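Given chain A, put chain B in place with the hints provided.
Chain by chain, the residues run as shown.
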Amino acid sequence: MAGGSVSECKEYLFKVLVIGELGVGKTSIIKRYVHQLFSQHYRATIGVDFALKVINWDSKTLVRLQLWDIAGQERFGNMTRVYYKEAVGAFVVFDVTRGSTFEAVSKWKHDLDSKVKLANGSPIPSVLLANKCDQKREGSNNTSLMDNFCKETGFLGWFETSAKDNINVDEAARFLVENILLNDKGLPYEESNGERIKLDQETVAAESKSGCC
Amino acid sequence: MYPKQIATSLDNVITIRNVNIFLKLGLSESVIAAACSRVGQRVLHVDRRSYYAGNWASFTFNGLLSWIEEYKQAGPSDEAAQEKVEEGEEALALSSLDTSITNVEVFCYASEEPEEVEEGVKDGAAAAWSVPQTPDSEGEVERCLLESSSVEEEEAVLAGDEVAQASGPDAGAEETQPEGEVPPQAYETQGEWQDEQQASPSPAESQPEPKKQITYTKIVKEGRRFNIDLVSKLMYSRGSLVDLLIKSNVSRYAEFKNVTRILTYRNGKVEQVPCSRADVFGSKQLTVVEKRMLMKFLTFCLDFEQHPEEYQDFSVHSFWDFLLTKKLTENLRHFILHSIAMVTPDVCTVEGLRATQHFLRCLGRYGNTPFLFPLYGLGEIPQCFCRMCAVFGGIYCLRQSVRCLVLDKESGKCKAVIDSNGQRISCSHFVVEDGYIGLDQRKNVDSRQISRAVLITDRSILPSDSEQQISLVTVPPVEPGSPVVRMVELCSSTMTCMPGTYLVHLTCSSSGSAREDLAPVVSRLFCIPVSPGEESKEGEEGSEVPSVLWALYFNMRDTSAVDRSSYDLPSNVHVCTSPDAALGSDHAIKLAEAVFRQLLPEEEFCPPAPNPEDIIYDGEGPQGEGPGFEEADPAEALPSQGEVESAERQEEAEDAGETGDVAKQETVAVAENEPRPASEE
Numbered sequence: 001m002a003g004g005s006v007s008e009c010k011e012y013l014f015k016v017l018v019i020g021e022l023g024v025g026k027t028s029i030i031k032r033y034v035h036q037l038f039s040q041h042y043r044a045t046i047g048v049d050f051a052l053k054v055i056n057w058d059s060k061t062l063v064r065l066q067l068w069d070i071a072g073q074e075r076f077g078n079m080t081r082v083y084y085k086e087a088v089g090a091f092v093v094f095d096v097t098r099g100s101t102f103e104a105v106s107k108w109k110h111d112l113d114s115k116v117k118l119a120n121g122s123p124i125p126s127v128l129l130a131n132k133c134d135q136k137r138e139g140s141n142n143t144s145l146m147d148n149f150c151k152e153t154g155f156l157g158w159f160e161t162s163a164k165d166n167i168n169v170d171e172a173a174r175f176l177v178e179n180i181l182l183n184d185k186g187l188p189y190e191e192s193n194g195e196r197i198k199l200d201q202e203t204v205a206a207e208s209k210s211g212c213c
Numbered sequence: 001m002y003p004k005q006i007a008t009s010l011d012n013v014i015t016i017r018n019v020n021i022f023l024k025l026g027l028s029e030s031v032i033a034a035a036c037s038r039v040g041q042r043v044l045h046v047d048r049r050s051y052y053a054g055n056w057a058s059f060t061f062n063g064l065l066s067w068i069e070e071y072k073q074a075g076p077s078d079e080a081a082q083e084k085v086e087e088g089e090e091a092l093a094l095s096s097l098d099t100s101i102t103n104v105e106v107f108c109y110a111s112e113e114p115e116e117v118e119e120g121v122k123d124g125a126a127a128a129w130s131v132p133q134t135p136d137s138e139g140e141v142e143r144c145l146l147e148s149s150s151v152e153e154e155e156a157v158l159a160g161d162e163v164a165q166a167s168g169p170d171a172g173a174e175e176t177q178p179e180g181e182v183p184p185q186a187y188e189t190q191g192e193w194q195d196e197q198q199a200s201p202s203p204a205e206s207q208p209e210p211k212k213q214i215t216y217t218k219i220v221k222e223g224r225r226f227n228i229d230l231v232s233k234l235m236y237s238r239g240s241l242v243d244l245l246i247k248s249n250v251s252r253y254a255e256f257k258n259v260t261r262i263l264t265y266r267n268g269k270v271e272q273v274p275c276s277r278a279d280v281f282g283s284k285q286l287t288v289v290e291k292r293m294l295m296k297f298l299t300f301c302l303d304f305e306q307h308p309e310e311y312q313d314f315s316v317h318s319f320w321d322f323l324l325t326k327k328l329t330e331n332l333r334h335f336i337l338h339s340i341a342m343v344t345p346d347v348c349t350v351e352g353l354r355a356t357q358h359f360l361r362c363l364g365r366y367g368n369t370p371f372l373f374p375l376y377g378l379g380e381i382p383q384c385f386c387r388m389c390a391v392f393g394g395i396y397c398l399r400q401s402v403r404c405l406v407l408d409k410e411s412g413k414c415k416a417v418i419d420s421n422g423q424r425i426s427c428s429h430f431v432v433e434d435g436y437i438g439l440d441q442r443k444n445v446d447s448r449q450i451s452r453a454v455l456i457t458d459r460s461i462l463p464s465d466s467e468q469q470i471s472l473v474t475v476p477p478v479e480p481g482s483p484v485v486r487m488v489e490l491c492s493s494t495m496t497c498m499p500g501t502y503l504v505h506l507t508c509s510s511s512g513s514a515r516e517d518l519a520p521v522v523s524r525l526f527c528i529p530v531s532p533g534e535e536s537k538e539g540e541e542g543s544e545v546p547s548v549l550w551a552l553y554f555n556m557r558d559t560s561a562v563d564r565s566s567y568d569l570p571s572n573v574h575v576c577t578s579p580d581a582a583l584g585s586d587h588a589i590k591l592a593e594a595v596f597r598q599l600l601p602e603e604e605f606c607p608p609a610p611n612p613e614d615i616i617y618d619g620e621g622p623q624g625e626g627p628g629f630e631e632a633d634p635a636e637a638l639p640s641q642g643e644v645e646s647a648e649r650q651e652e653a654e655d656a657g658e659t660g661d662v663a664k665q666e667t668v669a670v671a672e673n674e675p676r677p678a679s680e681e
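Heads up: the sequence lines are chains A and B, in that order.
Counted the way UniProt numbering counts, the first sequence spans residues 1 to 213.
Counted the way UniProt numbering counts, the second sequence spans residues 1 to 681.
Next comes chain A alone, as it looks inside the complex (with noise of 0.2 Å):
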């Protein structure tokens, strides 16, 4: 909570999801927006389940991201609703060097709004990564065709990344959470009907102990 008075900052939690074919180096953003690091030796990702980034937006805001990777399910697109549920972000991503990655993204971007909408029941925003950037062949520069196709898709927008040299990562990010604050303030909260119960959190009822006696 750096300099503003923590009676007024602000406490979000957003489940962001990282999305796209395989290969195109979700893990490797994750890592590298998340812990800074960067892995050239590639594996499927095995135990990774979400990673936390804790942003401190401004002096009244702060925001903690959970980055979910799509674990080994993806290869037959068949996630579980436990992936989606409550997202209220998302990044897409492929891979600049791999055509077949970039055809893949409208059908991410058409189960992602098929399976996850906000609470008024329009689809979560959502960014495209042209992941591998420093990859990319010279000469094939077509933003105007990116815009058109964001534009189409229903993006926000998107963002030529690469995690390995670090380009954009941040940028991508702060792009979508603020575009996701956007969101979030202009709708109401919708849990104020009781308390949700998180298994490893006790509550000390007033009727502690076993209730009668």
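Simulated from the structure, these hints should not be mistaken for laboratory data.
Quick caveat: nothing in here was measured; it's all calculated off a predicted structure.
Note that beta-carbon positions come from the ideal geometry of N, C-alpha and C, so glycine has one too.
Hints may contain errors.
Each computed DSS-like pair below joins lysine-lysine, with the alpha-carbon atoms no more than 27 Å apart [unchecked claim]: (1) B/Lys247 with B/Lys590; (2) A/Lys198 with A/Lys85; (3) A/Lys151 with A/Lys85; (4) B/Lys443 with B/Lys409; (5) A/Lys85 with A/Lys107; (6) A/Lys198 with B/Lys590; (7) A/Lys151 with A/Lys109; (8) A/Lys151 with A/Lys117; (9) B/Lys247 with A/Lys198; (10) B/Lys72 with A/Lys115; (11) A/Lys164 with A/Lys136; (12) B/Lys247 with A/Lys85.
Examples of chain B residues toward chain A, derived with CB under 10 Å [as the list claims (entries may be wrong)]: (13) Ser50; (14) Tyr52; (15) Phe256; (16) Phe392; (17) Gly394; (18) Met495.
Using the frame of chain A, we list chain B on its own:
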């Protein structure tokens, strides 16, 4: 250069050795799969359905309509294909027909026409919205959608058409259709109510009603807000499922609500059961003497083992007989038997006492009733375990099944399976749900069934200060010989139904079809809109009986009592049973643990998964490998065998075996390492 994306085939999996294959995604199978994956076993989990959780699934409203459609269609016929079986092997076919769901019946009572919305609002009548679109000679309002698929299609079309017409108080603020342009009175006059409407066309705005009328159109439109479970259970806050969720850290994937009330149906009324101490003292329906009696009895039950003299004479008698000898009023006996112990009168005394004790011990852990309900429905729970399994490398494949097992004649073991595409996948163990086992492999056939009803209603069974109540309602036999019915009423904050509606699940052990078993209870506790001419409930102004908007009945087979010994199967084929009728999930969890012990006797069952929340890097903090990182992030900690460094910490040393396994799995099961040269960070 890169491996092709696999759509729906298991090509790459076929090369894997020693995989554990799981067929069907029910709770037990999902728990075992997660447990195996967690300790480094290779897991392939398939289901012929397109959704997770098998018969434990929950569906959006529209998803449920598709599910109903699916069960109307006959299953795929058994092609007696020549299987790829080699010498010394034989094929054992699995059942390709899912016969676990029967007697599916659907009734829609919510209106579809906007003018009926107006009418209902005007009259404020609970029962005023079910009108056949075309005058029906019998005055039959109920329409069984199953009898004609065209009805549903028609409705789907209507759903689209009517949205534009929806108007008045029914039009939610968030709707995008231009309702504002349609004056509330601009309904098409049609049907029997035409005259009445024209006689008194009072616009809705002049008499605002607090209750919104829910039309079928609205339900379809808001269908995604529903999560309708096929199985209705609650979680005992100190039951084996809750314990396992906490122990394994799978609980991180779900949130819960406390059940807020225990209700019971008695003498034609729904009453709240006082179960916690605060309830007992605050109860208005109990006398002071009764309060004292009840407290005394419950206090005894809490540690009844300490007082054997109190009950040992009744060890051969029923719990009911025991209750009769205690100084309890009829009121209290009803509460204790039906709502606290939740047993039948004939169970033995000790069993009744134990059930009461379990109930009492679960009180107060998370709230003032012993029960929890997962947000988004019970169907979340198997998916939570599937997510855990996938995070540790388990592969999931829906719309895929196993056609037959390949048995080694010599050892009698299952060495491979052949999937629905005819491809052979070798396996070390095969875990399958009972429904896939053909008749030939069964020594006897147990035909127990569960009767289920799902209702969407317009108000709570017992209105209170809060609209957001989650209630368990115990309904003793409404007539001699009829079943004990358990009812769970869910409010919209459980994320299982749209605001303004309640989702009601009824469950009992079947004696007949679901409708035969449960319709008598439904008709006593709810208002089933009758044809408009009758309007039986119309006069009861302020009637608090909820109206049924939509109802589904079905039977589900219950194989939970089938013993392992009644299957004639290879020793490395393990059968999981379907959901049982009990309130808790203990059976499924105990079964999962037992099967896991057979599969991997040496391994720990569901050790805690590392918590990703432990990896917190402050945005401005120091970068790089902070202490605890390798430990907390398994992907980083378990890169490949070569990279497994000598354990620096005690915990790592303990995990070393597992580390190697996971790493192996990674290369074998996944087999898509980027062929770029590795230059480590």
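How the hints compare with the structure:
Simply put, B/Lys247 and B/Lys590 have alpha-carbon atoms about 15 Å apart, close enough for the 27 Å limit, and the pair holds. This hinted pair checks out: A/Lys198 and A/Lys85 have alpha carbons roughly 16 Å apart, not beyond 27 Å. Distance hint between A/Lys151 and A/Lys85 is fulfilled; the C-alpha atoms sit about 25 Å from each other, no more than 27 Å. About 21 Å separates the Cα atoms of B/Lys443 and B/Lys409, which keeps this hinted pair within 27 Å; it holds.
For the suggested pair A/Lys85 and A/Lys107, the alpha carbons sit about 19 Å apart, so the restraint of at most 27 Å is met. A C-alpha spacing of about 23 Å is found between A/Lys198 and B/Lys590, which places the hinted pair at or below 27 Å, so the restraint holds. Between A/Lys151 and A/Lys109 the CA atoms are separated by roughly 12 Å; this keeps the pair inside 27 Å, and the hint holds. Taken as a hint, the A/Lys151 and A/Lys117 pair is honoured in the structure, with Cα atoms around 18 Å apart against an allowance of 27 Å.
Using a Cα cut-off of 27 Å, the hinted pair B/Lys247 and A/Lys198 holds, with the two alpha carbons roughly 13 Å apart. For the hint pairing B/Lys72 with A/Lys115, the CA-to-CA distance comes to about 26 Å; that is within 27 Å, so the pair holds. For the suggested pair A/Lys164 and A/Lys136, the alpha carbons sit about 13 Å apart, so the restraint of at most 27 Å is met. Among the hinted pairs, B/Lys247 with A/Lys85 is consistent with the structure: their alpha-carbon atoms are about 23 Å apart, no more than 27 Å.
The closest approach between the C-beta of B/Ser50 and any C-beta of chain A is roughly 9 Å, which is under the 10 Å cut-off, so the hint is satisfied. The restraint placing B/Tyr52 at the interface with chain A holds, with a minimum CB-CB distance near 6 Å, inside the 10 Å limit. A distance limit of 10 Å between C-beta atoms decides the matter here; for B/Phe256 the minimum to chain A is near 4 Å, and the interface restraint holds. Nearest Cβ of chain A to the Cβ of B/Phe392: about 6 Å, under the 10 Å cut. The hint holds.
Because the beta carbon of B/Gly394 sits about 6 Å from the nearest beta carbon in chain A, less than 10 Å, this interface hint is met. Because the smallest distance between the Cβ of B/Met495 and any Cβ of chain A comes to about 9 Å, under 10 Å, the interface hint for this residue holds.
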